[in-house]
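In order, the protein sequence lines correspond to chains A and Z. Note that the first sequence ends on residue 333 in the working numbering; no numbers are left out. Note that the second sequence ends on residue 633 in the working numbering; no numbers are left out.
One or more hints might be untrue.
Stated by the list, open to error - Covered stretches of chain A (in silico footprint by chain Z; criterion: 3 or more residues with CB under 8 Å from a CB of chain Z, positions within the stretch not fixed): (1) 128-139; (2) 146-158; (3) 257-265; (4) 299-310.
Keep in mind that the hints were calculated from the coordinates and are not lab data. All residues carry an ideal CB built from backbone N, CA and C; glycine is no exception.
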Amino acid sequence: MHRFASPEARLAVIALTVFAVMAALSPDRFLSAQNMTSMAFQFPEFAILALAMTVTMLTGGIDLSVVGVANFTAVVAAMILTRFAGPDATGADAAMWIAAAVAASMVLGLVAGLFNGILVAVLGLPAILATLGSGLIFTGLAVALTGGSAVMGFPTAIAWLGNGTALGIPVPLILFAVLAALLALILSRTGFGLKVQMFGANPLAARFAAIDITGLLIRVYLLSGLLAAIAGLVVMSRANSAKADYGSSYLLLAVLIAVLGGVNPYGGYGKIIGVVLAVLSMQFLSSGLNMLSVSNFARELIWGVLLIFVMIINTRAAPQRRPKPKPEASR
Amino acid sequence: MPKIDLARNEWLVALVIVAFCALAAVSDPRFLSIATLTDLLRGGIVLTIFAVGAMLVLVSGGIDVSFTAVAAFAMYVTAMALNAVAPWMPWWGALGLGMGIGAFLGSINGTLIALFRLPTLIVTLGTLSIFRGFMLTFVGQKQITTLPPGMREFGRMMVVRGTNADGSFYSLHAAFLVTVAVVVITWAILHRTMLGRTIFAIGGSVESARRIGVNVARTQFFVYVYVGVLAGLAGTIHASMARVANPFDLVGLELSVIAAVVLGGARLAGGYGTLTGTFLGVALIVLVRNSLIVIGIPNTWQSVTIGVLILLGTGLPAWQAKRAAARAA
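Could you build all of it, start to finish, from the sequences and the hints given here?
Structure follows, in structure tokens:
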């Protein structure tokens, strides 16, 4: 057992086991190229949201507004695309408006992140409440802008982001891989990343070490806002439309993936590789169950069981790895 | 700067409610009627029971997001089981069964939290998926439109019923009395028993509570079972009043309920929360959900309004506390 001491190693075993079991249960379909590509198109959107969630969880916070931000920014981008470009736009015209829409959504994502960051860092709201409230506001703005209906009719070129391939690899997968790698690099190789981990592990010590906590937290929420906006663009491109209530189940899924990935929701510990492994486990599991024609609801059941199972193993294993003072239990 | 005591959420929320009602009364005089009041009370019944449970968990220093799934599970299974085996069961039997199922599901949360010492948010997030997934996979997905006679009987029970001068009907559902009973019992547990003191104690500081000899695991177990019971009750009442048991109902409300409780001043960090505050928080959310249109804000802005209220309601006290701390330092 001690050979699988880190949560990431255990998770790798789980991911491989799920893959092997699914492959054994329906070898010709699960291992087919078609299934592999469809999985590669499916997971990046919620995986990017999980990355956003991870960054905030590392500081002991949480970002419940990610889905709201994703939908709000996607709705604005979609409105720019339909209003100014329309489905028939091609060439330079389309390219210009797509660039404008993408830029607008990212800027809005940053603005949303700044808003969250100010609430948490400057005004001192608990992150869970600040982002719950702001998430309602962003979702509400998306509803108010669209009246609750879907926005559609984009230039066809935008579909490339969600449905295209480059060198035979799905574009959303490449996007996710790049973002995950960048984030892993930022968290492990920069001063910012180190400070994030330090602050999450012990906020008071970080304050006494003269870390600019306000600035740090604002940057963390800026990052999660930006990631959420990118996820929103991927969802928009894949669905070829934008709507205020897309992906509402992704919120809990994103939290679940981050925690499954070994990120400590009270801050201080978490690795991007763990999150990636958690995403893969979830995707193998849900595609595999799909082939066995298990209903969506049973999938939900199995996700819940998996989450609690992994948590029990992690907490059982943790004391032997890093003796810690008794946890300020269960809150 | 004038010194207004907004550090207590109760005052803030009460002021907003009064302002809201005044605005609504000005723009539509019919707003101030018994019919509006009974409508709001009716809309608040299930939310209040949920909120009382959520408040208790927050006081104990935890958080529970699974109670809506517990409620949906309890109401659906109660309706189905009574239809199948015991259609003769009177209304109190139906409520009792719902509460029993709720207690069982709550004890699962309680075991994972108290015995395995897992973080409450993660456990209840997991059990939310598990309860809902289990119900929809193994119990059923179709809504039950013919409720068992006991639940139908309860659905028709009214305390008061009447007609206004202008011919509109109003009525106060018997479930209102159940809600009052829930509030009274919870108040008694929190403020008149040793158990209530230990709930506040572990919410304030688990370690201190443990050192003065509080059995933390047992207290936590009780809290989650109690919340399960309340959720089961709320679910069964919801189905009885709606006259249909729809397994897709209720889930999704959990964050709004917690928001209402927090608006009312309960602290996420634990150790503090009042029933008055909880009640005011729910009242505000119900007002916004039902009557926003009366003060001239279109319903599409509903969630923006609730979001702004949550940020104001939690932001002002948090900001004041932060300034006070800065002054003290």
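Hint check:
1. 128-139: Check passed, 10 qualifying residues.
2. 146-158: With 3 residues closer than 8 Å to chain Z, the stretch 146-158 of chain A meets the three-residue bar; holds.
3. 257-265: holds (count 3)
4. 299-310: holds (count 11)
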